[in-house]
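Student: Listed here are the chains, written in short residue letters.
Protein chains: 2
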Amino acid sequence: MKIVITGGAGFIGLNLARAIIRRGTLTGPSGQQEEVDNILLFDQAVPDCLPDGLDERVTMRAGDISDRDTVFGLVDRDDISVFHLASVVSGGGEKDFDLAMRVNLDGGRHVFEAARARRGLPRVLFASSVAVFGGDAMPHVVGDSTKQTPQTTYGMTKSIGELMINDYTRKGFFDGRTVRLPTIFVRPGKPNAAASSFASGVIREPLNGEECILPVKTDVQMALLGYRNAVAGFVGLHEADGEAIGDDRAVSLPGNTYSVAEMIEGVKRVAAVNNIESGPITVRPDPAIEVIVAGWATHWEASRAKALGLPNDENMDRVIQDYIDDFMPAR
Amino acid sequence: MKIVITGGAGFIGLNLARAIIRRGTLTGPSGQQEEVDNILLFDQAVPDCLPDGLDERVTMRAGDISDRDTVFGLVDRDDISVFHLASVVSGGGEKDFDLAMRVNLDGGRHVFEAARARRGLPRVLFASSVAVFGGDAMPHVVGDSTKQTPQTTYGMTKSIGELMINDYTRKGFFDGRTVRLPTIFVRPGKPNAAASSFASGVIREPLNGEECILPVKTDVQMALLGYRNAVAGFVGLHEADGEAIGDDRAVSLPGNTYSVAEMIEGVKRVAAVNNIESGPITVRPDPAIEVIVAGWATHWEASRAKALGLPNDENMDRVIQDYIDDFMPAR
Chain H
6 MKIVITGGAG
16 FIGLNLARAI
26 IRRGTLTGPS
36 GQQEEVDNIL
46 LFDQAVPDCL
56 PDGLDERVTM
66 RAGDISDRDT
76 VFGLVDRDDI
86 SVFHLASVVS
96 GGGEKDFDLA
106 MRVNLDGGRH
116 VFEAARARRG
126 LPRVLFASSV
136 AVFGGDAMPH
146 VVGDSTKQTP
156 QTTYGMTKSI
166 GELMINDYTR
176 KGFFDGRTVR
186 LPTIFVRPGK
196 PNAAASSFAS
206 GVIREPLNGE
216 ECILPVKTDV
226 QMALLGYRNA
236 VAGFVGLHEA
246 DGEAIGDDRA
256 VSLPGNTYSV
266 AEMIEGVKRV
276 AAVNNIESGP
286 ITVRPDPAIE
296 VIVAGWATHW
306 EASRAKALGL
316 PNDENMDRVI
326 QDYIDDFMPA
336 R
Chain V
6 MKIVITGGAG
16 FIGLNLARAI
26 IRRGTLTGPS
36 GQQEEVDNIL
46 LFDQAVPDCL
56 PDGLDERVTM
66 RAGDISDRDT
76 VFGLVDRDDI
86 SVFHLASVVS
96 GGGEKDFDLA
106 MRVNLDGGRH
116 VFEAARARRG
126 LPRVLFASSV
136 AVFGGDAMPH
146 VVGDSTKQTP
156 QTTYGMTKSI
166 GELMINDYTR
176 KGFFDGRTVR
186 LPTIFVRPGK
196 PNAAASSFAS
206 GVIREPLNGE
216 ECILPVKTDV
226 QMALLGYRNA
236 VAGFVGLHEA
246 DGEAIGDDRA
256 VSLPGNTYSV
266 AEMIEGVKRV
276 AAVNNIESGP
286 ITVRPDPAIE
296 VIVAGWATHW
306 EASRAKALGL
316 PNDENMDRVI
326 QDYIDDFMPA
336 R
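Residue numbers (the numbering used here), protein chains in the order written: chain H, 6 to 336; chain V, 6 to 336.
FYI, nobody ran anything at the bench for these hints, they're computed from the structure.
From a predicted model like this one, the values you see are computed outputs, not experimental measurements.
Please note: incorrect hints may appear among the correct ones.
A pair holds if it fits inside one copy or across any two, identical chains being indistinguishable in the list.
Claimed, not checked - Straight-line alpha carbon distances no greater than 27 angstroms define the calculated DSS-like cross-link-like pairs of lysine-lysine that follow: (1) K176 - K100; (2) K195 - K273; (3) K273 - K311; (4) K273 - K152; (5) K176 - K222.
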């Protein structure tokens with residue numbers, strides 16, 4: 006079978022591809038485990054060379070997800086699953102509303118329509134976000150039964166995607182499942198336009214001996230999930246029994262709540278264990294980031310994910326050690 | 006100022022126009038009461054002659070709301086408010102998914118973009134529905150804080166509209182407000198494609214001496230609101246203080262729960278008071294209607310609407326008497 010990953014050149018997309026390569030099979034539209042013979046990574050830009058951990062089964066293609074024909078050209082087999090991760094992120098969406106609507110809403114519809122056009126009932130996994138929650142009436146703990154009143158355009162388009170995944174599935178157009186993510190860390194590489202980018206930077210930059218400029222105060226709390234378990238959540242929800250998911254196809258992945266201060270303690274602790282001299286952390290609040298982050302949920306409930314067997318992190322130190330093991334090979 | 010009512014040739018649209026004609030003024034983008042000098046009723050088809058209760062201030066235009074230029078041509082002044090009622094209804098949306106997406110989702114976006122393109126901050130009132138609620142996890146009582154997991158394409162597009170109204174308002178593109186309606190009765194005229202059409206038919210047809218074929222059993226319960234108070238809710242939410250509404254701009258209008266049996270008792274009682282010999286009611290369940298109605302909420306909470314001063318019906322008999330007074334003038 007073929008696997009399409011939109012946003013496939015991003016951090017989660019690439020690591021999802023690596024996880025599927027390692028597995029070798031996924032449940033196809035037949036309902037049986039099928040060999041994965043092609044993984045197509047689609048993104049607005051793709052690397053010149055195949056990243057580590059991938060092989061000849063993987064192809065990469067750059068293009069514009071808001072172009073319908075481009076998207077239909079990706080979903081070109083009936084034995085297929087689609088992981089739709091491509092998205093303008095939170096900070097980017099606040100800067101350019103129209104771009105967020107074109108990429109997230111129109112692009113998402115193209116993906117869903119392309120999957121609908123196939124025979125069989127392809128599985129479509131959609132990445133949603135903690136950013137669907139927010140606003141005056143947000144409860145202290147958010148989860149699968151919380152009303153979604155997002156306070157970013159990004160979150161609004163993610164809520165819309167959840168609704169569409171449910172309705173396309175109800176209509177029998179495809180077998181849709183939404184993975185609702187807390188903030189994922191520790192992302193390697195450079196900061197991105199997501200307002201949550203500091204949640205990785207506050208660990209990554211010190212471990213790399215660089216200064217981290219922290220745009221929020223250290224008492225800020227966030228619901229976090231390590232990237233290994235985020236990827237495991239995508240694969241696990243893809244493989245889950247559809248009946249067990251029920252008619253609301255969106256499932257909050259597990260996550261734990263940490264303060265930024267706890268993250269800073271964690272990175273110092275794990276750096277010491279690994280004999281790494283960590284770089285400095287400077288608090289320099291950015292009001293534009295603070296206002297977005299202040300609107301996000303901090304406490305996270307994920308009982309449906311747990312019932313479906315989707316894994317949670319052991320603790321903060323484990324996630325930091327995973328980053329060192331996976332992304333600092335020179336050590 | 007100008008008022009645009011999409012779906013303006015429909016029952017609620019026409020009666021909203023009549024109510025605005027009687028008032029004469031609404032709050033304009035200036036924040037002051039302004040004289041209404043034009044009410045544009047836009048619909049897919051409009052009557053040849055101006056309906057009763059309207060005057061020279063009212064113009065009618067037929068067109069396709071999924072055509073962007075058509076919609077931008079309606080919203081052609083800065084001193085304007087838009088009531089966006091046009092929609093493919095529940096039964097129609099289940100028959101034609103693509104039509105519902107084109108009219109409800111694309112059409113809605115055109116309306117919102119057209120309002121955004123004006124100077125000032127026009128008020129945009131959007132009609133949502135009880136159909137946003139449903140599914141496995143729906144609580145017994147639904148309201149403003151209930152997670153929306155609609156079980157019709159109609160309901161899905163209404164949930165999306167609520168999300169967009171909130172985000173366009175948050176971004177300062179316009180001053181949006183969503184009126185979330187329970188089932189509105191008693192509608193005059195012929196049955197329509199809404200699965201809830203029988204809620205008016207079971208009163209209207211007997212009063213007109215005709216047989217009512219009831220597509221559901223008499224123990225079915227529904228949350229209902231008389232059309233006079235539905236119209237009052239649109240006007241009241243248009244006039245409400247924006248601060249008092251808060252960041253979730255959607256407000257469930259008041260409503261009461263009745264069984265179909267109680268509706269049948271009511272029509273017999275009020276018919277007798279008015280010396281009307283009522284027509285027969287025949288129960289003939291239609292599985293396609295039953296499955297849609299079974300998914301709807303029956304018990305309705307509207308404390309935010311009450312706090313904003315939006316009115317509820319006195320009782321069932323009052324709403325039936327209103328129908329006789331307003332739509333059976335020969336009596």
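Student: Is the C-alpha distance from K273 to K311 at most 27 angstroms within one copy, between copies, in both cases, or in neither?
Tutor: Answer is neither: 30 angstroms inside a copy and 54 angstroms across each miss the 27 angstroms cutoff.
Student: Checking an output row: K273 and K152, CA cutoff 27 angstroms. Within, between, both or neither?
Tutor: Neither: 38 angstroms inside a copy, 41 angstroms across copies.
Student: At 27 angstroms max between alpha carbons, let me know whether K176 reaches K222 within a copy, between copies, both or neither.
Tutor: between (46 angstroms within a copy, 26 angstroms between copies)
Student: Classify it for me, K195 with K273: is the Cα-Cα distance of at most 27 angstroms met within a copy, between copies, both or neither?
Tutor: Within. Shortest intra-copy distance 20 angstroms satisfies the 27 angstroms Cα cut-off; inter-copy 73 angstroms does not.
Student: Reference check for the pair K176 and K100, CA-CA at most 27 angstroms: within, between, both, or neither?
Tutor: Classified as between; 11 angstroms across copies, 35 angstroms inside a copy.
Consistency with the previously given hints fails for numbers 3 and 4, ordered from lowest to highest.
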